[in-house]
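Student: Which chain is which? The protein sequence lines are A and B, in order. If you read the first sequence in numbering that gives the first Met the number 0, its first letter stands for residue 0, the second for the next number, and so on. If you read the second sequence in numbering that gives the first Met the number 0, its first letter stands for residue 0, the second for the next number, and so on.
Take these hints with a grain of salt, some might be off.
[To be verified] Derived pair list, reagent style DSS-like, types lysine-lysine, alpha-carbon separation capped at 25 Å:
#, chain 1, residue 1, chain 2, residue 2
1, A, K122, A, K70
2, B, K120, A, K138
3, A, K12, A, K70
4, A, K91, A, K114
5, A, K96, A, K166
6, B, K158, A, K12
7, A, K9, B, K158
8, A, K35, A, K12
9, A, K166, A, K91
10, A, K70, B, K70
11, A, K118, A, K180
12, A, K70, B, K158
13, A, K12, A, K91
14, A, K9, A, K96
15, B, K120, A, K70
16, A, K96, A, K35
17, A, K96, A, K122
18, A, K122, A, K35
[Said to hold, decoys possible] Only part of the chain A face toward chain B is listed, based on derived beta-carbon distances under 10 Å:
#, residue
19, M0
20, A55
21, A213
It is worth saying that the hints were derived from the structure and are not from the lab. We put the beta carbon where it would ideally sit given N, CA and C, even for glycine.
Residues per chain, in single letters:
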Amino acid sequence: MGRVEGFEDKYYKGRRPNGIYIPRYVNIDQATTSEKFVRGFGYQGGGGRSGWGAGANQESFGADFKDGLMKPGPWEFFITGFGECLPYHENKVTLNKDVLDQWGQPTLAIDCEFKANEKAINKQIQEDAVDMLVRTGVKDVVGFDNEHEPGFGIHEMGTARMGHDPKTSVLNGTNQIHAAKNVFVTDGACMTSSSCVNPSLTYMALTARAAHHAVSELNKNNL
Amino acid sequence: MITGSSAIIPGLLSLLQSCQQQERLSWQPQFLSQDQVGFVATLVDTILPKTETPGGLEVKVDIFIDLVFSKMYGEEAQKMVVEEIEALDIRCRGNYGASFSGISAEDRVTFLTELEGASPKYNGQVWGTAVGTQEPVGFYRTLKSLLLWGYFSSEEIGKNVLSYDPIPGDYLGCIPLSDVGNTWSL
Chain A
0 MGRVEGFEDK YYKGRRPNGI YIPRYVNIDQ ATTSEKFVRG FGYQGGGGRS GWGAGANQES
60 FGADFKDGLM KPGPWEFFIT GFGECLPYHE NKVTLNKDVL DQWGQPTLAI DCEFKANEKA
120 INKQIQEDAV DMLVRTGVKD VVGFDNEHEP GFGIHEMGTA RMGHDPKTSV LNGTNQIHAA
180 KNVFVTDGAC MTSSSCVNPS LTYMALTARA AHHAVSELNK NNL
Chain B
0 MITGSSAIIP GLLSLLQSCQ QQERLSWQPQ FLSQDQVGFV ATLVDTILPK TETPGGLEVK
60 VDIFIDLVFS KMYGEEAQKM VVEEIEALDI RCRGNYGASF SGISAEDRVT FLTELEGASP
120 KYNGQVWGTA VGTQEPVGFY RTLKSLLLWG YFSSEEIGKN VLSYDPIPGD YLGCIPLSDV
180 GNTWSL
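Let the sequences and hints guide you as you build the complete structure.
Tutor: Below is the structure:
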């Protein structure tokens, strides 16, 4: 993230409904292949002018300080990376029957970590982000890696992965549980890898497809 | 600092409103002692003095700060507040011969300039999360941040001084600043 010079006489109104997006550009083809990691990352970002909150950091106080905060501060711009987590079979959620909840049901045991490939992606995200912002002319560029643990990304997925083999997967290709075909799991649980893009549209498409399949099978008296 | 949409929980909103309903003359601090109120009020008046726009004391930022310490801080944090205010006042007595509320305007400026220079800063934020590892900013900058919050989110400043348009409708990404005037309050 950093500061953008100029445009002091420009401002905006309303709630920004979106941001900028930089799609994945590494490991797309032969020419973009990385030796450091497989798969890749994209960026989301945006800009705005700082508000009165910026006053907390200013080494200043008093009349001019106060009156200055009535006007918007400098433009600031950021991009932040979203990397893929590979489909590690050992990243899993199991039932802990030794610790029960208040209804006597087993609780979740979550065993999950980011590994070397994800860390290498994170490193590249930061290097490229700083490089792009500096070349764009952004000033006082600060690179960062918050080293978030799995779960911070709010689109976590997996745990009932889709696959051909009931021994290594929970769901079949139409989101049905292998062992119980009348049970459909149509949220993000079917994913194996996290990909690096927002998954909601994929979930909706998978759900529509699974629902279509369910209706069709029901009409054939197969369910 | 780039911040995402700030979420103020309903309890905080009622806290913001309740300090404005408080009549100053009948005000009894909920948490701070009279000496500590003197420190906070003097700090409010030094950082946010009256200019063409109201000063911090006019919109009751001192009452707000007392409410925050009283209602939002746990026991440990409250203990720390008292210790920190007393430590600052002791430094003031040592350097300038009186507590913060009793020293000259020049000495107050010298004292706060020193505190500003010595206090760590907040990291930038992306979507409301500090980037990188945030080192503690210390009591002075935390308190200054609370003063700004109380001042700019007061009804008088937030509604009548800053540009106020809570339901803005359409989004216009690039318009003359002169069409808006002051910074958006939210």
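Student: Work down the list of hints and note, for each, if the structure agrees.
Tutor: How the hints compare with the structure:
no.: 1; hint: A:K122 / A:K70; verdict: 37 Å, violated
no.: 2; hint: B:K120 / A:K138; verdict: 18 Å, holds
no.: 3; hint: A:K12 / A:K70; verdict: 14 Å, holds
no.: 4; hint: A:K91 / A:K114; verdict: 14 Å, holds
no.: 5; hint: A:K96 / A:K166; verdict: 22 Å, holds
no.: 6; hint: B:K158 / A:K12; verdict: 16 Å, holds
no.: 7; hint: A:K9 / B:K158; verdict: 22 Å, holds
no.: 8; hint: A:K35 / A:K12; verdict: 43 Å, violated
no.: 9; hint: A:K166 / A:K91; verdict: 15 Å, holds
no.: 10; hint: A:K70 / B:K70; verdict: 32 Å, violated
no.: 11; hint: A:K118 / A:K180; verdict: 38 Å, violated
no.: 12; hint: A:K70 / B:K158; verdict: 15 Å, holds
no.: 13; hint: A:K12 / A:K91; verdict: 45 Å, violated
no.: 14; hint: A:K9 / A:K96; verdict: 60 Å, violated
no.: 15; hint: B:K120 / A:K70; verdict: 21 Å, holds
no.: 16; hint: A:K96 / A:K35; verdict: 40 Å, violated
no.: 17; hint: A:K96 / A:K122; verdict: 39 Å, violated
no.: 18; hint: A:K122 / A:K35; verdict: 10 Å, holds
no.: 19; hint: M0; verdict: 5 Å, holds
no.: 20; hint: A55; verdict: 4 Å, holds
no.: 21; hint: A213; verdict: 37 Å, violated
Of the hints listed earlier, those the structure fails to meet are numbers 1, 8, 10, 11, 13, 14, 16, 17 and 21, in rising order.
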